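Using the hints provided, position chain B relative to the given structure of chain A.
2 protein chains.
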Amino acid sequence: MVNYPNGKKKTYVTQRTSAGGRGMNLEKDINTTNMFYLSIDKAVIHKKPTPVTIVSVDYPARSAAKITEAYFKLPSTTDYNGIYRAKYIDFEAKECASHTSFPLKSIHEHQIKHLQDVIRHGAIAFLIVKWTVFDETYFVKAEDIITFMKENERHSIPYTWFQTTGHLIPSTYVTPIDYLKIIDQLYFTLGGNHDKSK
Amino acid sequence: MVNYPNGKKKTYVTQRTSAGGRGMNLEKDINTTNMFYLSIDKAVIHKKPTPVTIVSVDYPARSAAKITEAYFKLPSTTDYNGIYRAKYIDFEAKECASHTSFPLKSIHEHQIKHLQDVIRHGAIAFLIVKWTVFDETYFVKAEDIITFMKENERHSIPYTWFQTTGHLIPSTYVTPIDYLKIIDQLYFTLGGNHDKSK
Numbered sequence: 001m002v003n004y005p006n007g008k009k010k011t012y013v014t015q016r017t018s019a020g021g022r023g024m025n026l027e028k029d030i031n032t033t034n035m036f037y038l039s040i041d042k043a044v045i046h047k048k049p050t051p052v053t054i055v056s057v058d059y060p061a062r063s064a065a066k067i068t069e070a071y072f073k074l075p076s077t078t079d080y081n082g083i084y085r086a087k088y089i090d091f092e093a094k095e096c097a098s099h100t101s102f103p104l105k106s107i108h109e110h111q112i113k114h115l116q117d118v119i120r121h122g123a124i125a126f127l128i129v130k131w132t133v134f135d136e137t138y139f140v141k142a143e144d145i146i147t148f149m150k151e152n153e154r155h156s157i158p159y160t161w162f163q164t165t166g167h168l169i170p171s172t173y174v175t176p177i178d179y180l181k182i183i184d185q186l187y188f189t190l191g192g193n194h195d196k197s198k
Numbered sequence: 001m002v003n004y005p006n007g008k009k010k011t012y013v014t015q016r017t018s019a020g021g022r023g024m025n026l027e028k029d030i031n032t033t034n035m036f037y038l039s040i041d042k043a044v045i046h047k048k049p050t051p052v053t054i055v056s057v058d059y060p061a062r063s064a065a066k067i068t069e070a071y072f073k074l075p076s077t078t079d080y081n082g083i084y085r086a087k088y089i090d091f092e093a094k095e096c097a098s099h100t101s102f103p104l105k106s107i108h109e110h111q112i113k114h115l116q117d118v119i120r121h122g123a124i125a126f127l128i129v130k131w132t133v134f135d136e137t138y139f140v141k142a143e144d145i146i147t148f149m150k151e152n153e154r155h156s157i158p159y160t161w162f163q164t165t166g167h168l169i170p171s172t173y174v175t176p177i178d179y180l181k182i183i184d185q186l187y188f189t190l191g192g193n194h195d196k197s198k
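Here the protein sequences line up with chains A and B, keeping their order.
Under this note's numbering, the first residue of the first sequence carries the number 1, and numbering increases by one thereafter.
Under this note's numbering, the first residue of the second sequence carries the number 1, and numbering increases by one thereafter.
Only chain A is shown next, with the shape it has when bound in the complex:
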């Protein structure tokens, strides 16, 4: 139980955890991984704050400004960016609860446009998709997702496509989503499987 400053308690929700004891929360796992990368000075990659539109703020005497009315806003970019081996890194992370396919509607159109934009400028851009049922997390190059969307009328991408075109991300206790391993293989290894999807 966690006590919050407002005296409320957070209800503990039992989660199915994997054999490795990992929780189901992809965002938490990526943040843990990024904090570890930062702590060993391997990369500087952060999640952007959740965008909100603030409508009203109270300024009570002698205490912190309190936002009393705000709304969630659609993000215009992806959730994560930063720098690794002097390269600009940009990605979005999604959990998928299906057994069979990943719904493309979970990535917004302006996020796809953003990924295309940064790719043109030389970024390493990708998606991290966690298949919660299988407890498997795939690294997918943004280029491959974009090609799929152009070549297919489908509104979802089959699981088998992730198995063939994606890259299974390894996991350790300190780096639950060790995606830089995949980046090393794909972008920094001579003769790496950069062209797996071709």
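What the hints contain is simulated information worked out from the structure, not anything from laboratory work.
Since we're looking at a predicted model, the values are computed, not measured.
A portion of the hints provided could be inaccurate.
If chains are identical, the list can't say which one is meant, so a pair holds when it fits in one copy or spans any two.
To be verified - Dumping the calculated DSBU-like pairs for lysine-lysine here, alpha-carbon to alpha-carbon at most 35 Å:
#1 73 x 150
#2 113 x 150
#3 105 x 181
Below, chain B without anything else, positioned relative to chain A:
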């Protein structure tokens, strides 16, 4: 007057504007500039959302989730980042109302640490400081600010230092804070004044 969905009207506040007609709002000017850069496909640089800690959210039937209690959080990184000419770009922007000196307390310690972190990994990192009294906006390399802080006990940086070590940012109607001009000179020009501060 702008009408907001909640029926409230935004009060129009008269602002002192400069001879060039620019408003005093640095953030707005940088956003305008970044939107222009994006529109001509020159760079992809965005302001990160303001970080807030959300405490409670209402989910009224048939309408959008409403955040009813939230607080501003200290940012752990800088406000702006993105990609330009395949380089990772990272900066913070500050307005300064003084005639004489820029207070260093307006940059948080973890923001300085963040700038040091990204520099080590190969970023172009800097500060944009607008001296509102003079209507002058300077580009200052993060390295130069960090060196100043190491070599001086002062809690502020004199205006004259900005004149000698900083770089005055040009302004046009579509790019009110045309900072990529300075980046081109400092980082992409052979024989550019990269070492002005030395």
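Next on the checklist: Name the hints, by number, that the structure is in violation of.
Outcome noted: Of the numbered hints given earlier, the structure breaks none, since each of them holds.
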